[in-house]
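Peer 1: Spelled out from the first residue to the last, the chains are:
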Amino acid sequence: MDKKFLICAGNEYTYSQLIDDINTKGNFNPYIYINDNNPYWIFLSIIHSLIYNYSIEILDGDFSDTELKEVGVDTKVFSNYENITNRVKIDDYNSLLDKILMSKDWSLSLYTSGTTGRPKKVTHTLKTLTRNVKIGERFKCNVWAFAYNPTHIAGLQVFFQALLNQNTIVYTFSGQQKNLSDLIQKYQITNVSATSTFYRNVFPYLQGNIYKSVKRVTFGGEKYDPSLENKIKMIFPNVLIRNIYASTEAGSLFVANGENFEIPESIRDFVRINEANELLIHKSLLGNSDSFTLEGDWFNTGDIVYQLDSNHFNFISRKSDVVNVGGYKVNPLEVENTLIKVEGVIDLVVKSKKNKVTGEILVVDVVKDENYDEMELKKNLKRYATKHLQEWKVPRIIKFIEEIPRTRTGKKVRK
Amino acid sequence: MTRKVAMIINEMLEESGLEKVDNVNLSMSLRDDFNLDSLMLAELTVRLEDEFGVDIFEDGIVTTFGEVIEKLERK
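One line per chain: the protein sequences are A and B, in this order.
If you're matching positions, the first sequence starts at 1 in my numbering and goes up one per residue.
If you're matching positions, the second sequence starts at 416 in my numbering and goes up one per residue.
Source of the hints: derived by calculation from the structure; they are not laboratory data.
Result set (PhoX-like, lysine-lysine): computed pairs, CA atoms no more than 20 Å apart in a straight line: (1) A:K411 with A:K319; (2) A:K212 with A:K233; (3) A:K354 with B:K486; (4) A:K121 with A:K283; (5) A:K25 with A:K89; (6) A:K319 with A:K353; (7) A:K341 with A:K233; (8) A:K319 with A:K120; (9) B:K419 with A:K399; (10) A:K356 with B:K486; (11) A:K3 with A:K140; (12) A:K379 with B:K435.
All chains should be built: construct the whole structure from the sequences, respecting the hints.
Peer 2: What follows is the structure in structure tokens.
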């Protein structure tokens with residue numbers, strides 16, 4: 001039977017079709033900027049560039065003309081196609097894989113989310129992008145629920161993991177969430193990789209059902225939310241939960257069982273935690289960029305961690321996220337992880353508001369379950385916060401909103 | 416104005432599970448009569464600024480309900 005490569009919005013693309021389309025494609029554009037981020041065309045373009053060994057730059061299809069201008073890309077380049085002179089013919093998946101792995105000078109550039117200033121371009125080799133990709137017999141039968149933007153680092157990680165094992169990818173991002181239950185059953189999905197936000201938003205569609213096919217659930221792209229673990233285990237009884245630390249700058253680096261990240265043996269000399277508990281990564285682990293600010297040979301991730309022992313750490317917060325309330329430092333993530341447990345809360349983002357009395361105070365924007373009364377929920381939130389948090393960590397003002405704004409790579413906007 | 420500000424303070428108290436204050440007069444102390452601590456005062460200034468666009472602590476300390484109203488009305 002012809003193995004399926006991608007299922008997306010009701011369309012099924014097989015590996016044979018993918019290979020045919022690659023064989024037919026006689027020209028290319030080094031800029032990949034695809035309307036609606038159609039995953040088939042993005043994946044096809046990436047594979048094509050690997051086969052013909054030319055470097056590419058991936059731009060989020062959501063980029064507006066202004067954003068493109070900001071990152072220095074002139075839209076005229078999108079119509080400049082080059083012809084391939086020495087066409088090759090791929091016969092089957094194995095020759096496709098050989099060709100991909102032979103690709104030497106290939107690189108892929110993409111942009112950071114720009115939470116601190118304008119997006120920065122980072123260039124990766126196949127080696128840095130696939131650092132944690134595992135290939136082998138035991139991965140052959142995996143079927144992936146693909147729940148990331150395909151132009152972002154987390155999406156690329158899942159894409160390579162699936163492609164290099166000839167797995168099927170079921171696209172569940174961007175409007176496909178409500179179909180997840182049907183898709184899991186129809187395609188017997190084994191692996192789900194998504195952000196905490198994605199899991200929170202699909203629970204209402206999955207609750208009450210049990211999906212035995214799912215063997216592994218991975219969290220990536222944003223802070224792991226341990227309060228989701230029990231719910232996930234009820235819905236997916238056979239599941240193993242993993243948590244990935246990856247960044248646009250360095251690709252995938254650490255994997256955690258629960259909240260304890262392990263620094264793998266192979267990169268132990270290239271990871272450091274300084275006196276201020278900031279996580280530093282040696283430049284050799286990074287992609288290339290003109291925009292990195294290095295401290296000697298080290299890149300400061302801006303992530304505050306807690307060192308458990310020489311090879312393990314917990315993620316605490318982003319340095320830029322720390323709020324100062326009357327001299328007390330508050331990590332908004334801690335507050336979010338506490339308040340998400342309050343019944344009726346679907347999602348929330350904790351932010352700060354400046355004032356002359358305490359410098360800053362915490363406020364929180366909440367997406368609530370429609371069945372809950374606003375005043376009752378406000379009272380419950382404050383009561384719960386007062387009981388479980390120090391008083392300066394209690395958000396003072398609670399607002400209800402429809403949706404939490406996010407940066408392109410899925411981080412909550414705390415402005 | 417007096418009613419609106421009293422409403423904002425009472426809403427704050429209610430959300431925090433505290434007793435509302437019924438009979439409000441201008442000489443009442445924010446700290447002693449309304450029982451607002453500094454975090455609640457900070458909260459009040461943010462709420463008032465959202466509502467009226469005025470920072471009541473901008474030029475010094477306010478201690479009574481009347482002073483708050485005065486600051487808001489002056490703008």
